[in-house]
Amino acid sequence: MLAQSLFDLWHGFAIALEPHNLMWVFFGVLVGNLIGVLPGMGALSAMSILLPLTYAMHAVPAVLMLAGIFYGSQYGGAIGAILLNLPCHPPHAVTCLDGYPMTRQGRGGAALGITMIASFVAASFGIVVMVFASPALVRIAFKFGPAELFSIMLLGLIVGGTMSRGAPLKGIAMVLVGLLVGMVGTDVNTGTMRFTLGFIDLADGVQLVALALGLFGVTEFLRNVNCMDAVGSGMKVSLRDMRPSGAELRQAAGPIARGTLIGTLFGAMPGTGPTITTFIAYALEKRIARQPERFGQGAIEGVASPEAASHSKTQVDFIPTMSLGIPGDAVMALILGALLIQGIQPGPQLIVQHADLFWGLIASFWIGNVLLIVLNVPLIGLWVRMLRVPYRLLFPAALFFIAVGVYSTNNSLFEVLEVLVFGLAGAVFVLLEFPVAPILLGYVLGPMVEENFRRAMVLSQGDPAIFVERPISCAFVSLCALLIVVQLGFWLRRLIGRRRGRDVGMERRAFEGK
Amino acid sequence: MQSTSRIARLFNRRNQDYYAGTLMMIIGLSAAYTGSGYGVGSFSRMGAGFFPVALGGLLVLVGVGIAMSRKHTDTAVESQASTEMPRKSDVSLGLRMRGWLCIIASIIAFVVLGKYGGLLPASFAVGLIAALGDPDNRLRDALLLALALCVVATVVFWWALRMQFPLFTWG
Chain A
1 MLAQSLFDLW HGFAIALEPH NLMWVFFGVL VGNLIGVLPG MGALSAMSIL
51 LPLTYAMHAV PAVLMLAGIF YGSQYGGAIG AILLNLPCHP PHAVTCLDGY
101 PMTRQGRGGA ALGITMIASF VAASFGIVVM VFASPALVRI AFKFGPAELF
151 SIMLLGLIVG GTMSRGAPLK GIAMVLVGLL VGMVGTDVNT GTMRFTLGFI
201 DLADGVQLVA LALGLFGVTE FLRNVNCMDA VGSGMKVSLR DMRPSGAELR
251 QAAGPIARGT LIGTLFGAMP GTGPTITTFI AYALEKRIAR QPERFGQGAI
301 EGVASPEAAS HSKTQVDFIP TMSLGIPGDA VMALILGALL IQGIQPGPQL
351 IVQHADLFWG LIASFWIGNV LLIVLNVPLI GLWVRMLRVP YRLLFPAALF
401 FIAVGVYSTN NSLFEVLEVL VFGLAGAVFV LLEFPVAPIL LGYVLGPMVE
451 ENFRRAMVLS QGDPAIFVER PISCAFVSLC ALLIVVQLGF WLRRLIGRRR
501 GRDVGMERRA FEGK
Chain B
1 MQSTSRIARL FNRRNQDYYA GTLMMIIGLS AAYTGSGYGV GSFSRMGAGF
51 FPVALGGLLV LVGVGIAMSR KHTDTAVESQ ASTEMPRKSD VSLGLRMRGW
101 LCIIASIIAF VVLGKYGGLL PASFAVGLIA ALGDPDNRLR DALLLALALC
151 VVATVVFWWA LRMQFPLFTW G
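As given, the protein sequences belong to chains A and B, one line each in that order.
Counting from 1, position 137 in the first sequence corresponds to residue 137 in the numbering used here; the numbering is continuous, with no gaps.
Counting from 1, position 59 in the second sequence corresponds to residue 59 in the numbering used here; the numbering is continuous, with no gaps.
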């Protein structure tokens with residue numbers, strides 16, 4: 001099996017190195033990096049804006065490009081975090097804590113260099129895990145029937161909803177809204193038109209591009225317009241500064257290794273967001289450090305470990321997405337959605353039926369990460385200048401690209417209006433402190449959840465007990481139940497704690513009143 | 001300044017959860033009601049309305065839960081705030097409204113002018129109107145940006161990518 005995997009990987013390199021594919025990886029990494037650097041734009045907006053382009057492409061270059069955009073923008077986000085204290089992408093919030101102080105001490109270049117090394121090491125490790133874990137997982141996954149698939153998707157949805165930022169209940173609410181959005185259009189089993197509101201344009205359902213650009217483009221602009229703080233700082237980073245000293249490298253080696261392991265561990269759990277992972281990596285470094293007070297003052301460990309964790313998690317996240325068809329977060333949901341549009345059903349069959357796509361993707365990670373290093377060394381000066389693009393010019397231009405991009409997917413102006421509607425809905429949700437990313441998760445999984453539930457019901461002749469009678473499915477359902485119970489427990493404990501606090505307060509007030 | 005404090009009062013923590021929960025209940029109820037019209041069926045013979053009704057019902061329950069769980073501790077919010085971009089906190093409602101209205105109007109203008117005008121008028125309008133949403137942009141900046149976007153639209157999308165969108169059209 002090992003030999004087979006290595007052979008497949010070799011084949012994957014051949015695919016990823018084909019000039020045509022290589023060009024798209026390069027393009028994805030470059031544009032992802034560029035957009036990731038721009039203030040207020042993260043991986044999700046970068047991928048959504050370029051998603052229309054993939055419609056005209058073959059499946060392999062399309063996915064390679066999207067993956068390239070993803071890790072390119074992730075790296076671009078780190079640049080903004082370290083040099084300007086701007087967390088363009090939430091996982092980089094932790095990187096700001098020590099990265100920005102390093103910049104102020106004139107060590108910003110070294111921090112960027114360490115970030116680059118950390119992400120490369122972590123990504124490589126994540127790729128190795130992916131090579132060995134995916135085929136094994138697939139062998140289990142082939143035993144999955146509709147009942148198991150439904151249960152594991154349920155687990156993915158619950159985890160994705162509760163583990164995101166904000167209150168767990170609100171995350172669940174957004175997953176449900178996303179599932180409902182996924183129902184829009186013609187029902188495949190009965191031919192009934194659902195929730196089309198009389199629009200014939202909605203018969204094919206809501207378009208992924210329109211939803212993603214509405215939620216991650218227009219919503220963000222509505223939220224940020226006239227509220228962005230002007231950023232200005234005159235730091236210069238030259239090529240020479242990017243090489244960390246030997247002492248810094250030695251200092252960072254341990255944190256990189258630990259961060260990588262943490263990222264891998266959490267990547268294997270679907271739904272634990274990258275932000276949580278980086279926070280945990282940072283907390284661990286601070287806990288085991290000999291001088292924890294250095295953290296926040298420019299400790300290189302505080303940059304190396306979270307960055308390594310976020311990159312290894314990124315790679316490992318692809319495992320459930322590709323081999324089970326269960327996306328861990330909104331970014332993976334977007335890649336999954338792009339695959340579905342290409343007519344490729346992610347899941348256990350993917351590695352066998354589309355071996356070129358799967359192994360090509362893995363190989364392209366490596367190539368893309370090398371490209372990132374090659375690109376960033378000469379272009380760092382350009383990125384620094386890009387960071388200062390004023391928001392007042394950025395968002396009108398982005399709106400133009402959104403409008404034209406959405407139009408180009410189906411030559412339909414109606415879908416441009418869809419973007420606006422989802423953007424407004426997203427803005428209302430954000431105002432009420434709902435996390436919007438789970439909507440995309442629900443939307444992508446919605447049709448599959450319904451289909452598998454239906455099949456399971458047909459198999460069991462309408463007996464819902466099938467989900468607990470089959471052992472694998474039962475395990476997933478129990479995990480779901482456990483998660484809900486744990487969350488309820490937290491909620492109750494807070495409730496009791498608060499009530500006790502209030503009682504004490506009232507007693508004291510009564511006492512003082514006497 | 002007064003207007004911001006009014007929003008602040010309207011959206012203080014506790015009210016906000018009431019609104020959020022109520023909104024979810026409304027969405028859930030309307031989904032369940034509409035879904036029930038598609039035929040619910042039974043477990044063994046599921047109709048098209050089965051999932052919408054189930055999801056709508058769940059959403060109503062979650063909405064009730066959200067409305068009941070008033071927040072007292074703001075720790076969750078604080079940790080969330082630290083992962084945000086730095087933002088100005090004292091932006092007046094009027095200024096924010098101007099940004100919102102211009103963004104909305106720019107997309108509507110793109111759709112209308114795209115149908116009754118073509119790609120160039122639509123591109124020009126989306127850039128110009130959106131740019132005017134930010135008071136730091138003078139009219140000259142906005143016009144220049146809109147012109148630049150027109151060039152991009154023509155060269156990249158119409159000429160290079162051969163997008164099916166006439167430069168000028170009527171209806």
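Hints may contain errors.
Said to hold, decoys possible - Only part of the chain B face toward chain A is listed, based on derived beta-carbon distances under 7 Å:
no.	residue
1	G41
2	S44
3	I66
4	G99
5	A130
6	G133
7	D134
8	F168
Stated by the list, open to error - Computed Cβ-Cβ distance ranges for the label pairs, DEER-style:
no.	chain 1	residue 1	chain 2	residue 2	range
9	A	L431	B	W159	56 to 62 Å
10	A	P390	B	K115	27 to 33 Å
11	B	L147	A	R385	20 to 26 Å
12	A	Q349	B	M68	27 to 33 Å
13	A	L6	B	L144	51 to 57 Å
14	B	G57	A	F7	48 to 54 Å
15	A	Q349	B	L167	44 to 50 Å
16	B	L147	A	Q105	41 to 47 Å
17	B	A148	A	L379	47 to 53 Å
18	A	Q349	B	A148	35 to 41 Å
19	A	I496	B	L93	37 to 43 Å
20	B	K115	A	L340	43 to 49 Å
Simulated from the structure, these hints should not be mistaken for laboratory data.
Please read all numbers here as calculations on a predicted model, not as lab measurements.
No residue lacks a Cβ here, since even glycine has one placed at the ideal position from N, Cα and C.
Exercise. Which numbered hints does this structure break?
Worked result: Structure breaks hints 1, 8, 9, 12, 17, 18 and 20.
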